[in-house]
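J.: What follows is each chain in one-letter form.
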Amino acid sequence: LNRPARIRLPVLTGLLLAILNSACSVPQKPSPAPAPPPPDVTIVPSSRELAAETPSGPVRELLHKAADQYASGDLDGAAATLERAIRIAPSEPLVWQRLALVRLDQGDWEQAETLALRSSGLASGNAGLRKVNQDIIAEARDAAAGGR
Amino acid sequence: LSRVGRRVGQRILCRAGFAARGQCAIPNSSHRMPKKKQSSRGSRPARRSAGAVRRRTTKGKTGSWQRGLRRALPAVILTSLVLVLAWVLWLDYRIVDQFEGRRWALPARVFARPLELHAGKGIAADDLVAELGLLRYREVSRVRAPGEYRVSGDTVYFHSRGFPFPGENTPGRLVRADFAGHEIHRLGDASTGAEIDLLRVEPVPIASIYPGHGEDRMLVRLEDAPPLLLDALLVVEDRRFRDHHGVDPAAIARAMVANLRAGRAVQGGSTLTQQLVKNYFLTNERTLSRKLNEAVMSLLLEAHYDKDEILGAYLNEVYLGQDGERAIHGFALAAQFYFERRLGNLEPEQIALLVAMVKGPSWYDPRRHPDRAIERRNLVIDLLEEAGTLDPEAAALARKRPLGVTDAAPTGRTPFPVFLQLVRNQLLRDYREADLREEGMKILTTMDPLVQIRAEKAMQASLLRLPGGKEDGEAALQAAVVVTATGTGEVAALIGGRDPRFPGYNRAIDAARPVGSLIKPVVYLAALERPGSYTLATMLDDGPLNVKLANGKSWSPQNYDRQSHGRVSLHDALVHSYNQSTARLGMEVGVESVARLLARLGIERPVPAYPSLLLGAVELSPIEVAQVYQGFADGGYSVPLNAIRSVANRDGQTLNRYPLRISQAADAQSVFLVTSALRDVTLQGTGKSLRKRLPPGLSVAGKTGTTNGYRDSWFAGYAGDFVTVVWLGRDDNRPTGLTGSSGALVVWADIMRRISTRPLVLDAPQGVEWLRIDPATGLLADTGCDGALELPFIQSSQPAGVAPCARRVSEKARSPLKWLKGLLN
Numbered sequence: 001l002n003r004p005a006r007i008r009l010p011v012l013t014g015l016l017l018a019i020l021n022s023a024c025s026v027p028q029k030p031s032p033a034p035a036p037p038p039p040d041v042t043i044v045p046s047s048r049e050l051a052a053e054t055p056s057g058p059v060r061e062l063l064h065k066a067a068d069q070y071a072s073g074d075l076d077g078a079a080a081t082l083e084r085a086i087r088i089a090p091s092e093p094l095v096w097q098r099l100a101l102v103r104l105d106q107g108d109w110e111q112a113e114t115l116a117l118r119s120s121g122l123a124s125g126n127a128g129l130r131k132v133n134q135d136i137i138a139e140a141r142d143a144a145a146g147g148r
Numbered sequence: 149l150s151r152v153g154r155r156v157g158q159r160i161l162c163r164a165g166f167a168a169r170g171q172c173a174i175p176n177s178s179h180r181m182p183k184k185k186q187s188s189r190g191s192r193p194a195r196r197s198a199g200a201v202r203r204r205t206t207k208g209k210t211g212s213w214q215r216g217l218r219r220a221l222p223a224v225i226l227t228s229l230v231l232v233l234a235w236v237l238w239l240d241y242r243i244v245d246q247f248e249g250r251r252w253a254l255p256a257r258v259f260a261r262p263l264e265l266h267a268g269k270g271i272a273a274d275d276l277v278a279e280l281g282l283l284r285y286r287e288v289s290r291v292r293a294p295g296e297y298r299v300s301g302d303t304v305y306f307h308s309r310g311f312p313f314p315g316e317n318t319p320g321r322l323v324r325a326d327f328a329g330h331e332i333h334r335l336g337d338a339s340t341g342a343e344i345d346l347l348r349v350e351p352v353p354i355a356s357i358y359p360g361h362g363e364d365r366m367l368v369r370l371e372d373a374p375p376l377l378l379d380a381l382l383v384v385e386d387r388r389f390r391d392h393h394g395v396d397p398a399a400i401a402r403a404m405v406a407n408l409r410a411g412r413a414v415q416g417g418s419t420l421t422q423q424l425v426k427n428y429f430l431t432n433e434r435t436l437s438r439k440l441n442e443a444v445m446s447l448l449l450e451a452h453y454d455k456d457e458i459l460g461a462y463l464n465e466v467y468l469g470q471d472g473e474r475a476i477h478g479f480a481l482a483a484q485f486y487f488e489r490r491l492g493n494l495e496p497e498q499i500a501l502l503v504a505m506v507k508g509p510s511w512y513d514p515r516r517h518p519d520r521a522i523e524r525r526n527l528v529i530d531l532l533e534e535a536g537t538l539d540p541e542a543a544a545l546a547r548k549r550p551l552g553v554t555d556a557a558p559t560g561r562t563p564f565p566v567f568l569q570l571v572r573n574q575l576l577r578d579y580r581e582a583d584l585r586e587e588g589m590k591i592l593t594t595m596d597p598l599v600q601i602r603a604e605k606a607m608q609a610s611l612l613r614l615p616g617g618k619e620d621g622e623a624a625l626q627a628a629v630v631v632t633a634t635g636t637g638e639v640a641a642l643i644g645g646r647d648p649r650f651p652g653y654n655r656a657i658d659a660a661r662p663v664g665s666l667i668k669p670v671v672y673l674a675a676l677e678r679p680g681s682y683t684l685a686t687m688l689d690d691g692p693l694n695v696k697l698a699n700g701k702s703w704s705p706q707n708y709d710r711q712s713h714g715r716v717s718l719h720d721a722l723v724h725s726y727n728q729s730t731a732r733l734g735m736e737v738g739v740e741s742v743a744r745l746l747a748r749l750g751i752e753r754p755v756p757a758y759p760s761l762l763l764g765a766v767e768l769s770p771i772e773v774a775q776v777y778q779g780f781a782d783g784g785y786s787v788p789l790n791a792i793r794s795v796a797n798r799d800g801q802t803l804n805r806y807p808l809r810i811s812q813a814a815d816a817q818s819v820f821l822v823t824s825a826l827r828d829v830t831l832q833g834t835g836k837s838l839r840k841r842l843p844p845g846l847s848v849a850g851k852t853g854t855t856n857g858y859r860d861s862w863f864a865g866y867a868g869d870f871v872t873v874v875w876l877g878r879d880d881n882r883p884t885g886l887t888g889s890s891g892a893l894v895v896w897a898d899i900m901r902r903i904s905t906r907p908l909v910l911d912a913p914q915g916v917e918w919l920r921i922d923p924a925t926g927l928l929a930d931t932g933c934d935g936a937l938e939l940p941f942i943q944s945s946q947p948a949g950v951a952p953c954a955r956r957v958s959e960k961a962r963s964p965l966k967w968l969k970g971l972l973n
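Chains as they are written, first to last, in this note's numbering: chain Z, 1 to 148; chain F, 149 to 973.
Simulated from the structure, these hints should not be mistaken for laboratory data.
Misleading hints may appear alongside valid ones.
Facing chain Z, a subset of chain F residues (Cβ under 7 Å, in silico) [as the list claims (entries may be wrong)]:
#: 1; residue: H266
#: 2; residue: D345
#: 3; residue: L346
#: 4; residue: T636
#: 5; residue: G783
#: 6; residue: Y785
#: 7; residue: N804
#: 8; residue: L808
#: 9; residue: Q812
#: 10; residue: A816
#: 11; residue: P913
Straight-line distance between alpha carbons at most 25 Å, and here's what the computed SDA-like set of lysine to any residue pairs gives [unchecked claim]:
#: 12; chain 1: F; residue 1: K836; chain 2: F; residue 2: S890
#: 13; chain 1: F; residue 1: K605; chain 2: F; residue 2: P651
#: 14; chain 1: F; residue 1: K696; chain 2: F; residue 2: K605
#: 15; chain 1: F; residue 1: K696; chain 2: F; residue 2: V755
#: 16; chain 1: Z; residue 1: K131; chain 2: F; residue 2: Q812
#: 17; chain 1: Z; residue 1: K131; chain 2: F; residue 2: S944
#: 18; chain 1: Z; residue 1: K131; chain 2: F; residue 2: G915
#: 19; chain 1: Z; residue 1: K131; chain 2: F; residue 2: Q943
#: 20; chain 1: Z; residue 1: K131; chain 2: F; residue 2: S760
#: 21; chain 1: F; residue 1: K455; chain 2: F; residue 2: G417
#: 22; chain 1: Z; residue 1: K131; chain 2: F; residue 2: S811
#: 23; chain 1: F; residue 1: K426; chain 2: F; residue 2: K548
#: 24; chain 1: F; residue 1: K548; chain 2: F; residue 2: E534
#: 25; chain 1: F; residue 1: K605; chain 2: F; residue 2: N790
#: 26; chain 1: Z; residue 1: K131; chain 2: F; residue 2: E534
#: 27; chain 1: Z; residue 1: K131; chain 2: F; residue 2: P913
#: 28; chain 1: F; residue 1: K507; chain 2: F; residue 2: K605
#: 29; chain 1: F; residue 1: K605; chain 2: F; residue 2: G845
Just so it is clear, CB atoms sit at the ideal spot from N, CA and C, and this is done for glycine as well.
Take these sequences, add in the hints, and give me the full structure.
T.: If you want it as structure tokens, here you go:
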């Protein structure tokens, strides 16, 4: 955290690219929930269960497409594709995180941070995903504070 | 003469910036040359001779009139020349202006959201068929061409038309969708058998924004027009098009002979260029001077532009029909208007019909005069066969085919004027009115036509069942509905009055009314944001209260049932919408912080922080209420409501995207507590009649609102996919006799029942735990307590004490930690 943001940003961007692509080749499913289910209120399945039921097909396809657009430098296109994925699966934390990454790359620190927070809010059972979100938030805050 | 006129005209046009590119590049010197010649030969001697005439006529006594005339002749000729020149210049200016300007006037097209299909999508076969119906697909027994579909049991086959929009230009394909109940079970390509992960169906056009003169057209480029169409036009209308200079004297002579022989006008000698000019200045006037103007303009047009430019303009300009105030221009739009097909997908006989109609679109209107139309169409086919454009077999086949026009013309008037108004409001922040009307923009909106239509039907049906809901007229019970998508804040449907087709007063956007108890969740959220002071189990005093106001008066709100309920939990006060305890809570939290929270949730208008705000004495429009509840539905994240996804220019390049931008208005944990209470409103509280109105399993959260004297009846709430706000009331503000639960809730339930596919999910965020609470004391309960509630608590804010009812249970049933905690506190 003490390292200057100038050095960390490209490193993180490289990491993000790798994540974007890896996420597509290996479908990321939320890890089994360690937290106990809420008592007596499961009138309907939890979002975690829904996410597990949701066919990963369409969202994964869009993540693929966004990754391609991201890799080719078409950040606006990648963002539009991710928004399309959000419309299909608004409670899928991975998609919100990817959008946060794109905004980070575009220098939109405020959106990057808020989107990452939103992603974490949906990812209560996925520590790995939340860790990446924390990195995005730290990165965005550093960059915003550094006036970059 | 016309050449000189053209040069001078060209110079004027260049100066005025009107001329076509490249035509102003001629060096100035070459322009001046003829001018010099002209002036030395023309005007100066002319002035001299005119003076001479005057002098001599006054001086000479014996000058004969012939000599006078001979001397005056140059002046007369010169004057005529100048007049003719001025006339030609004027015509030149007009025709170039038309050609350069008008060929680009294109209405803006407004589209609904594209329907996304994938396996697992919550959509019934009927919904897909309804969407295809809106796209004007035709049901056929075997699907071959784009725009056709077939239903077979639980399977829908259709041939999509492709998605010609920014970011994705996919061709049409033959699709097979297998349904299982209200869900797509499998989606595949029917020709290859391959699975389709995700398919975006082309969006339904919902409106056009026309140029002021009502002209409607779709552009087609010359190179994209079917070759048969171009051949047919030349064969039928202007065989020597490639050779003449705008006017074809041979054709005129031929026509004159034919007309003389027939004794009436049976044949026209107009070239395509003349017809184009005629179309530019469409009037019914048939005078010689008009014909002359047309001929000169045609010569001028040919001098300025090449044949392909003229033919291309003709394809898009020619008048081919009328739909009310909307004039159908160009072959591309005509193909859609008559056959509901793209120009490139027309059959030979359909092309022949369009070419046949050029002569008289209303006389040969295939819908009103099919006999005339088919006769002339077959004449065109004969001509094409004679010219060798169609071979005899193809011609014979074409003659046998029916006209093929669709029964009803697609209307140019939007069925969704209320939503269009929202779109226009948003567009006018970024574009000029003229750009909307003439630049041919493609506007992709967020409207979901299936949701919109179902919401309209539900509103109309349930309004009729309400007391006073049947009366019509100015004092009628009115309604406004806003439906937005969770997560994105996209407006899916909008209803501005009891007649959704009426474009008048848009109550969803423009009617600001007191919101009553709809404000309460904001008051409670302001309290629950301080978990150190308030939890859902905090006990409140619901006794009478008296608040001294700044103006010296006092404020004593009462409960709806005029009863006090003693000590009630914060949860119950919200669930049963008690006014006295809410006002007391709001005064403790501070009216200012409630007003600030409203602003954070997206209310831009200034909200005066008077105590009466706590019970909803603030006027908001239904769309503003939706903005506030969007924040609750999205776990404290606020997203500005949005009606447009993107705007593209006529070439399909994106001009503007309206990206998703979110802000954190409140913390997710506190919002979760409010949502859980709003869910209980719909199970046990003022909205409990929803239990019998909604299908089992469709969990929702919401709040009723009623204002003084039953003037406004509100319900606002959300499920997993939509936030919906319903307002009922009268324009003259007379009482409706309806509460939020007896009025708006009924409409709300009917809408949600039809549109919602995802229930509300109460999935506690990190740092929130569910505990069993005794409602009488607000303390921790146990299995021994009757009527205990499960309530969520933000970590380390749970009640410290254990309820008396729980103490009857054995020690083992309690966790040692909580037991210990209870002792320590």
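J.: Now tell me if each hint is right for this structure.
T.: Okay, the hints, checked on the actual structure:
At its closest, the beta carbon of H266 of chain F sits 4 Å from a beta carbon of chain Z; the interface hint therefore holds under the 7 Å criterion. Taking 7 Å as the C-beta contact cut-off toward chain Z, the hint placing D345 of chain F at the interface holds, the least distance being around 4 Å. A least Cβ separation of about 4 Å between L346 of chain F and chain Z falls short of the 7 Å threshold, and the interface hint therefore holds. The closest approach between the C-beta of T636 of chain F and any C-beta of chain Z is roughly 6 Å, which is under the 7 Å cut-off, so the hint is satisfied.
Taken as an interface hint, G783 of chain F checks out: its beta carbon lies about 6 Å from the nearest beta carbon of chain Z, inside 7 Å. Proximity of Y785 of chain F to chain Z holds as hinted, the smallest CB-CB distance being about 6 Å (cut-off 7 Å). Hint on N804 of chain F is violated. Least Cβ distance to chain Z is approximately 11 Å, over the 7 Å limit. Restraint check, L808 of chain F versus chain Z: the minimum CB separation of about 5 Å is within 7 Å; hint holds.
A cut of 7 Å between beta carbons decides the hint on Q812 of chain F: the least distance to chain Z is about 6 Å, and the hint holds. Interface restraint check for A816 of chain F: the shortest CB-CB distance to chain Z comes to about 5 Å, inside 7 Å, so the restraint holds. A hinted interface residue such as P913 of chain F counts as satisfied when its beta carbon comes closer than 7 Å to some beta carbon of chain Z; here the least separation is about 6 Å, so the hint holds. Restraint check for K836 of chain F and S890 of chain F: the C-alpha separation of about 11 Å stays at or below 25 Å, so the hint holds.
At most 25 Å may separate the alpha-carbon atoms for a hinted pair to count; K605 of chain F and P651 of chain F meet this at roughly 17 Å. With a C-alpha separation of about 48 Å, the suggested pair K696 of chain F and K605 of chain F falls outside the 25 Å cut-off, and the hint is violated. A C-alpha spacing of about 20 Å is found between K696 of chain F and V755 of chain F, which places the hinted pair at or below 25 Å, so the restraint holds. Between K131 of chain Z and Q812 of chain F, the direct Cα distance comes to roughly 20 Å. Compliance with the 25 Å bound is thereby established for this hinted pair.
Restraint check for K131 of chain Z and S944 of chain F: satisfied, since their Cα atoms lie roughly 24 Å apart, inside the 25 Å limit. The suggested pairing of K131 of chain Z with G915 of chain F holds, with an alpha-carbon distance near 17 Å, which does not exceed 25 Å. Restraint check for K131 of chain Z and Q943 of chain F: the C-alpha separation of about 21 Å stays at or below 25 Å, so the hint holds. A hinted pair counts as satisfied when its Cα atoms are at most 25 Å apart, and K131 of chain Z with S760 of chain F does not qualify at roughly 45 Å.
At roughly 18 Å between alpha-carbon atoms, K455 of chain F and G417 of chain F fall within 25 Å of each other, so this suggested pair holds. The straight-line distance between the Cα atoms of K131 of chain Z and S811 of chain F is roughly 21 Å, inside the 25 Å bound, and the hint therefore holds. The hinted pair formed by K426 of chain F and K548 of chain F fails the criterion: a straight-line CA distance of about 34 Å is larger than 25 Å. Only pairs whose Cα atoms come within 25 Å are accepted, and K548 of chain F paired with E534 of chain F is accepted, the gap being roughly 17 Å.
A hinted pair counts as satisfied when its Cα atoms are at most 25 Å apart, and K605 of chain F with N790 of chain F qualifies at roughly 23 Å. At most 25 Å may separate the alpha-carbon atoms for a hinted pair to count; K131 of chain Z and E534 of chain F exceed this at roughly 77 Å. Of the supplied pair hints, the one linking K131 of chain Z and P913 of chain F holds, its CA atoms being roughly 16 Å apart against a limit of 25 Å. Distance hint between K507 of chain F and K605 of chain F is unfulfilled; the C-alpha atoms sit about 44 Å from each other, more than 25 Å.
About 23 Å separates the Cα atoms of K605 of chain F and G845 of chain F, which keeps this hinted pair within 25 Å; it holds.
Checked against the numbered hints above, the structure breaks hints 7, 14, 20, 23, 26 and 28 and satisfies the rest.
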